[in-house]
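Build the full structure now, drawing on both the sequences and the hints.
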Amino acid sequence: MKLFPYDRFSLQTQSPLSAVIATLDPYIEAPRMRWGFSHDHAPYSGTLSESGFEIRRIIHYRNSFLPQIKGRFEPSSQGTVVHITLGLHPLVIAFLLLWLVTWYSGAVPIFFFGVRAGDIPTVVAAFALVAPIMFFLIAWGVFWYEARRSRRELTQIIHGQPLPAPSRSSRVAWRMVQGIAAVIAVANLVVFLHQQSQGPEGALPSQTSPPQASPSQALQQPCTQNSPTLADCNFVLAHTLTEHPTASVIALSQDGKTLVSGGSDKAIKVWDVQTGALKRTLQSDSGVITALTIAPDGQTVVSGAGDRRVRIWDIATDQPPQILHGHTTHDIGLVKVSADGTTIISGGYGEVNLWDRATGELKATLPENGPPEITLGPVTVKGSPPYFRLFDIRADGKAVLVVQGSKLIIWDLETDQQTVLPRQWLTHLNTAYFTPDGTQVVTTAYTQPRNQLKIWDLDTHELRATILLSEARESWGYGDRIAFSGDRVMASTPTGLKVWNLQTAELEANLQLGFMNPVMVSPDGQSLVGIGSGAGDAAQETQIRIWQRP
0 MKLFPYDRFS
10 LQTQSPLSAV
20 IATLDPYIEA
30 PRMRWGFSHD
40 HAPYSGTLSE
50 SGFEIRRIIH
60 YRNSFLPQIK
70 GRFEPSSQGT
80 VVHITLGLHP
90 LVIAFLLLWL
100 VTWYSGAVPI
110 FFFGVRAGDI
120 PTVVAAFALV
130 APIMFFLIAW
140 GVFWYEARRS
150 RRELTQIIHG
160 QPLPAPSRSS
170 RVAWRMVQGI
180 AAVIAVANLV
190 VFLHQQSQGP
200 EGALPSQTSP
210 PQASPSQALQ
220 QPCTQNSPTL
230 ADCNFVLAHT
240 LTEHPTASVI
250 ALSQDGKTLV
260 SGGSDKAIKV
270 WDVQTGALKR
280 TLQSDSGVIT
290 ALTIAPDGQT
300 VVSGAGDRRV
310 RIWDIATDQP
320 PQILHGHTTH
330 DIGLVKVSAD
340 GTTIISGGYG
350 EVNLWDRATG
360 ELKATLPENG
370 PPEITLGPVT
380 VKGSPPYFRL
390 FDIRADGKAV
400 LVVQGSKLII
410 WDLETDQQTV
420 LPRQWLTHLN
430 TAYFTPDGTQ
440 VVTTAYTQPR
450 NQLKIWDLDT
460 HELRATILLS
470 EARESWGYGD
480 RIAFSGDRVM
490 ASTPTGLKVW
500 NLQTAELEAN
510 LQLGFMNPVM
520 VSPDGQSLVG
530 IGSGAGDAAQ
540 ETQIRIWQRP
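As numbered in numbering that gives the first Met the number 0, residues 0 to 549 make up the sequence shown, in order.
The hints are simulated quantities; they were obtained by calculation from the structure and are not laboratory data. Any given hint could turn out to be false.
[Stated by the list, open to error] Think about it this way: if two alpha-carbon atoms lie no more than 20 Å apart in a straight line, the pair counts; the simulated DMTMM-like pairs of lysine to aspartate or glutamate are:
1. K397 <-> D411
2. K397 <-> D355
3. K256 <-> D458
4. K397 <-> D456
5. K278 <-> D313
6. K265 <-> D306
7. K362 <-> D339
8. K406 <-> D458
9. K397 <-> D436
10. K69 <-> E28
11. K69 <-> E152
12. K265 <-> D254
13. K265 <-> D284
14. K265 <-> D330
15. K397 <-> D296
16. K397 <-> E367
17. K397 <-> D458
[What the hints assert, rightly or not] Label pairs and their calculated CB-CB ranges:
18. P295 <-> A127: 46 to 52 Å
19. L457 <-> P295: 20 to 26 Å
20. P295 <-> T358: 14 to 20 Å
21. T101 <-> A125: 39 to 45 Å
Keep in mind it's a predicted model, so treat the numbers as computed, not measured. Glycine included, each C-beta is placed from N, C-alpha and C at the ideal position.
Shown next, in the form of structure tokens:
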């Protein structure tokens with residue numbers, strides 16, 4: 000058995016050179032483009048001269064590994080010697096080597112560090128590393144199949160033996176191969192169409208998901224602001240606040256009476272929810288306001304900014320804020336104060352910091368581990384730190400929801416215990432939230448071509464329901480477009496604010512309140528606040544809208 004795709008042999012015939020050329024000529028035709036399938040052709044195409052030949056076998060399927068056949072004639076006293084070589088085209092060899100080097104130079108470190116970090120299963124990494132070798136073995140087999148066939152045929156031709164006609168069994172085998180290929184293609188098409196036509200629960204047939212109403216059913220029951228049957232429809236627009244046109248983040252107090260907004264003007268505005276009046280403006284000296292929260296005492300506002308600083312404000316006084324330094328990576332995307340008011344949690348991409356509320360001291364930073372390192376003799380290879388992002392902080396401030404690598408983790412801040420939710424391959428996770436009672440996690444994810452909202456049970460760590468948000472290519476990961484009201488989850492979509500029941504996963508309402516990002520509901524469920532744009536001439540102006548139940 001030969002290892003490399005190259006073969007060389009010589010044939011001795013007693014015929015003179017002219018007779019050898021005359022014998023080969025009927026079996027070799029000039030190269031030309033072929034647009035259809037036909038048996039009416041010579042077995043080979045190429046060039047034939049007194050010095051030799053350069054040919055390829057004519058086939059009716061794509062095969063870059065078909066041998067190039069070169070022959071050289073050498074007249075002798077006993078007739079003619081034909082020296083024949085079979086090998087791959089140099090461009091094919093160059094491409095294979097370049098592809099192999101490129102693949103393994105990138106794949107080996109990626110999958111090695113991925114397996115060590117637990118982000119990539121060992122089976123997946125092994126398959127990715129072995130797949131090119133399997134491809135090369137298949138290509139090797141294809142080359143030698145064609146090479147042996149060509150060697151056999153050329154030996155028969157040069158020795159003056161007629162080529163046998165294709166047997167009926169070979170034609171039947173070829174038809175069987177075509178039939179199997181057609182069956183595989185049709186099966187893949189059926190599976191694809193079945194996946195496209197299935198409802199949201201069809202994505203995980205092993206999970207028992209509650210029934211749900213379809214978007215079309217909800218639209219057939221339009222939600223009005225004074226509907227007597229749906230409590231979620233009883234929101235009335237109470238105030239439209241236009242005095243903060245740069246606002247991009249908002250927060251509500253636990254009693255639902257105070258609203259704060261922040262944005263690119265580095266200002267925090269404090270509003271009275273009941274009257275819509277602007278009570279106070281807190282002006283920061285630097286940093287776009289990127290995150291806000293109101294402490295349980297209702298008098299303290301904590302902000303995160305683009306300058307990577309956390310500020311603690313007293314909204315009852317004009318005192319300058321207390322500034323906490325310690326973030327080193329990206330902008331602060333989320334802040335929250337623990338239920339007992341003793342700890343501030345802040346974070347975003349790259350890290351989560353825990354601060355002592357009374358002293359401002361940095362108590363801990365997550366994750367604690369730095370980038371992975373591997374030592375090979377005198378050389379130390381330092382890998383990139385795994386992707387880390389803070390998604391949500393539980394209402395009591397005792398746990399956070401983060402993504403590390405490709406794992407969605409519930410990180411208990413008191414015990415340091417990490418609970419990993421089941422991974423969903425071929426799904427891009429955009430956002431994740433704790434429900435208000437902390438018993439479930441709601442995620443939004445994109446699985447081509449759908450945007451889906453998924454509800455996870457934290458007691459069993461299983462997926463309870465999958466809800467279709469949209470079949471459009473939307474960026475559900477940007478902004479807080481998800482809000483909670485008791486056992487209801489709301490999502491602001493281009494077609495309305497949709498409301499689902501967390502227990503039944505049924506779509507109960509579609510409020511035509513205009514697109515909002517972000518959107519939130521007060522803890523008592525009486526007020527709904529969102530940032531949107533105006534209508535008509537004010538379409539480009541940012542507005543803060545407050546809806547209230549009668």
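Taking the hints in turn, this is what the structure says about them:
1. K397 <-> D411: holds, 6 Å
2. K397 <-> D355: Between K397 and D355 the Cα gap is close to 14 Å, so the pair holds against 20 Å.
3. K256 <-> D458: Measuring from Cα to Cα gives roughly 34 Å; hence the hint is violated.
4. K397 <-> D456: Roughly 18 Å between the alpha carbons, so the hint for K397 and D456 holds.
5. K278 <-> D313: holds, 13 Å
6. K265 <-> D306: Status holds; Cα separation ~11 Å.
7. K362 <-> D339: Since the Cα atoms of K362 and D339 sit roughly 16 Å apart, the hinted pair holds (cutoff 20 Å).
8. K406 <-> D458: holds, 18 Å
9. K397 <-> D436: holds, 13 Å
10. K69 <-> E28: Status holds; Cα separation ~15 Å.
11. K69 <-> E152: holds, 14 Å
12. K265 <-> D254: Violated, at roughly 26 Å.
13. K265 <-> D284: This hinted pair holds, its Cα atoms lying about 7 Å apart.
14. K265 <-> D330: Within the cut-off at roughly 14 Å; holds.
15. K397 <-> D296: holds, 18 Å
16. K397 <-> E367: holds, 18 Å
17. K397 <-> D458: It holds: about 17 Å lies between the C-alpha atoms, which stays within 20 Å.
18. P295 <-> A127: 46 to 52 Å: holds, 49 Å
19. L457 <-> P295: 20 to 26 Å: At roughly 23 Å between Cβ atoms, P295 and L457 fall inside 20 to 26 Å, so the hint holds.
20. P295 <-> T358: 14 to 20 Å: holds, 18 Å
21. T101 <-> A125: 39 to 45 Å: This hint is violated: roughly 20 Å between Cβ atoms.
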